[in-house]
Amino acid sequence: MAEEVKLFGACGSPFSSRIQVALKLKGISYEYIEEDLTNKSPLLLKYNPIHKKIPVLLHNGKSIVESLVILEYIDETWKANPILPEDPYDRATARFWAKYIDEKCVAAAGKAFWAKEKEREKAVEEAWDCLKTLEGALKDKKFAGGETLGLVDIAANFIAFWLRSFQEIFGVELLTEEKFPDLFKWSEEYVEHPIIKEYLPSRDELIVFLNKRLQNLK
Amino acid sequence: MADEVILLDFWPSPFGMRVRIALAEKGIKYEYKEEDLRNKSPLLLQMNPIHKKIPVLVHNGKPICESLIQVQYIDEVWKGKASLLPSDPCARAQSRFWADYVDKKIYDLGRKIWMCKGEEQEASTKEFIECLKVLEAELGDRHYFGGSNLGYVDVVFVPFYTWFHAYEQCGNFSIEAECPKIIAWAKRCMQKESVSKSLPDHEKVYGFVLELKKKFGIE
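So the sequence lines, in the order shown, correspond to chains A and B.
Under the numbering used here, residues 1 to 218 are what the first sequence spells out, in order.
Under the numbering used here, residues 1001 to 1219 are what the second sequence spells out, in order.
Isolated chain A, as found in the complex (with noise of 0.2 Å):
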């Protein structure tokens, strides 16, 4: 029986392209339904009643959802090219920074972006923290797996492009090259790999995927 497998996912979206990126990684062939996240359709509904949110994979007919959970999903389905490392230790090393990368890096990059004029200071000072954080991380080797892309390599895409472009669009600095040299020159070379490359968004998608996220919050 032949597997069918779908995405649904919105352009522009860091953890959309995540789930782009992993199959792409380990060869699987499927259909992406791009959303339109100001009129959601009843497809993507159905398949996440509770989160209403993208990344949703659909595998013969079941859903996943939350893109961490569906990294793991495709990685213990799908053996090729494996994301997470064999050793326990590892694997919870690499669990680890991912969702630091998500609960923290994201949330607190997003405040500083969004942050009115008297909080901002504050706001940018807790991504500055963040960022060293990850300086650390990247020293210690804990992620930038170089040929392969594993499980955290993935998730640091929000670092090294969403949060470069965003820097830029909200005029807020974050990752410079004074501040966290080695994260910033890790990021220049992450958005040339050739796979992470082909499902990065130009800047005009990012533009609208930003306005639409703008209308969304209103």
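Hints listed in this document are in silico derivations from the structure and should not be mistaken for laboratory results.
None of the values given here were measured: they were computed from a predicted structure.
Some hints could be false.
SDA-like cross-link-like pairs, simulated, lysine to any residue; straight-line CA separation at most 20 Å [what the hints assert, rightly or not]:
{"#": "1", "chain 1": "A", "residue 1": "K52", "chain 2": "B", "residue 2": "E1127"}
{"#": "2", "chain 1": "A", "residue 1": "K52", "chain 2": "A", "residue 2": "R164"}
{"#": "3", "chain 1": "B", "residue 1": "K1052", "chain 2": "A", "residue 2": "W128"}
{"#": "4", "chain 1": "B", "residue 1": "K1040", "chain 2": "B", "residue 2": "G1027"}
{"#": "5", "chain 1": "A", "residue 1": "K6", "chain 2": "B", "residue 2": "K1040"}
One side only, chain B facing chain A, incomplete, derived with CB under 8 Å [to be verified]:
{"#": "6", "residue": "V1077"}
{"#": "7", "residue": "L1085"}
{"#": "8", "residue": "P1089"}
{"#": "9", "residue": "R1092"}
{"#": "10", "residue": "D1100"}
{"#": "11", "residue": "M1115"}
{"#": "12", "residue": "E1119"}
{"#": "13", "residue": "V1134"}
Short, incomplete list of chain A residues facing chain B, as computed with Cβ under 7 Å [unchecked claim]:
{"#": "14", "residue": "I64"}
{"#": "15", "residue": "V69"}
{"#": "16", "residue": "P85"}
{"#": "17", "residue": "W128"}
{"#": "18", "residue": "T133"}
{"#": "19", "residue": "F170"}
Glycine included, every Cβ here is placed at the ideal spot set by N, Cα and C.
With chain A fixed as given, assemble chain B onto it according to the hints.
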């Protein structure tokens, strides 16, 4: 060579309770170290320099942080006995989804119930009950979220049962009246020694919450 397992914990922490239950389910001997969170030990700060939080699981000198990650680690290292996550990838993904749901909703809403007053407390209580109802629907007719045995979601969620009494007293509502199946499920879990020995008495937890309210100046 025998495994050396240490758990840095704080007795009322639902996150710590998760790890206690998992270790008990697997029959793992470990050293429990109670932390004073107002005066964190050098060991805690060394083992969890990034978050400086409990619980921290130290296995043969190596630290593992974050309770969901710790429970998965325990399940993967001590594979032979009492499997917490199912073997099928789709079922595993569902378990991870629901554990993530509990993490995103229950602790923060519960905290707002005992910390806030008036409209904010009411809104949090309402949302808290809605989330419990979602979990109740997911449980369905099963004995446990894990099916016929305790599973990952049970271990992740059941620690909050010992906080229900405190939430009810502070928020002036009854969880059993709203979500009887959740209470029935929790009582079933409590019949397991791994759970009953890992959860402190709910009056003790309520006493702790009252002390915190006093300390923060909340009536």
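Hints, verified against the model:
A threshold of 20 Å between alpha carbons decides the hint, and for K52/A with E1127/B the separation of about 17 Å falls inside it, so the pair holds. Using a Cα cut-off of 20 Å, the hinted pair K52/A and R164/A is violated, with the two alpha carbons roughly 27 Å apart. With a C-alpha separation of about 18 Å, the suggested pairing of K1052/B with W128/A holds against the 20 Å cut-off. Simply put, K1040/B and G1027/B have alpha-carbon atoms about 28 Å apart, too far for the 20 Å limit, and the pair is violated.
In summary, the hint linking K6/A to K1040/B is not supported, as the alpha carbons are separated by about 48 Å, beyond the 20 Å threshold. For V1077/B, the interface hint holds, since its Cβ comes within 8 Å of a Cβ in chain A; the closest pair sits about 5 Å apart. Checking L1085/B against chain A by beta carbon gives a least distance of about 10 Å; that is not within 8 Å, so the hint is violated. For the restraint placing P1089/B at the interface with chain A, the shortest Cβ-Cβ distance is roughly 4 Å, inside the 8 Å limit, so the hint holds.
Interface hint at R1092/B: satisfied, since its Cβ lies 7 Å from the closest Cβ of chain A, which is below the 8 Å cut-off. Interface restraint check for D1100/B: the shortest CB-CB distance to chain A comes to about 6 Å, inside 8 Å, so the restraint holds. Annotation: M1115/B was flagged as interfacial toward chain A, and the flag is violated, the nearest CB pair being 20 Å apart, outside 8 Å. Contact between E1119/B and chain A, as hinted, is not supported at the beta carbon level, the nearest pair being about 22 Å apart and thus beyond 8 Å.
For V1134/B, the shortest C-beta to C-beta distance to chain A is roughly 7 Å, which falls under 8 Å, so the interface hint holds. The interface hint given for I64/A holds, since its Cβ lies 5 Å from the closest Cβ of chain B, which is under the 7 Å cut-off. Nearest Cβ of chain B to the Cβ of V69/A: about 5 Å, under the 7 Å cut. The hint holds. Proximity of P85/A to chain B is violated relative to the hint, the smallest CB-CB distance being about 11 Å (cut-off 7 Å).
Violation of the interface hint for W128/A is found here, the shortest Cβ-Cβ separation to chain B being roughly 15 Å, above the 7 Å cut-off. Look at T133/A: its Cβ gets to within about 6 Å of chain B, closer than 7 Å, so that hint holds up. With a least beta-carbon distance of about 26 Å to chain B, the hint placing F170/A at the interface is violated under the 7 Å criterion.
The structure fails hints 2, 4, 5, 7, 11, 12, 16, 17, 19 (numbered hints given earlier, in ascending order).
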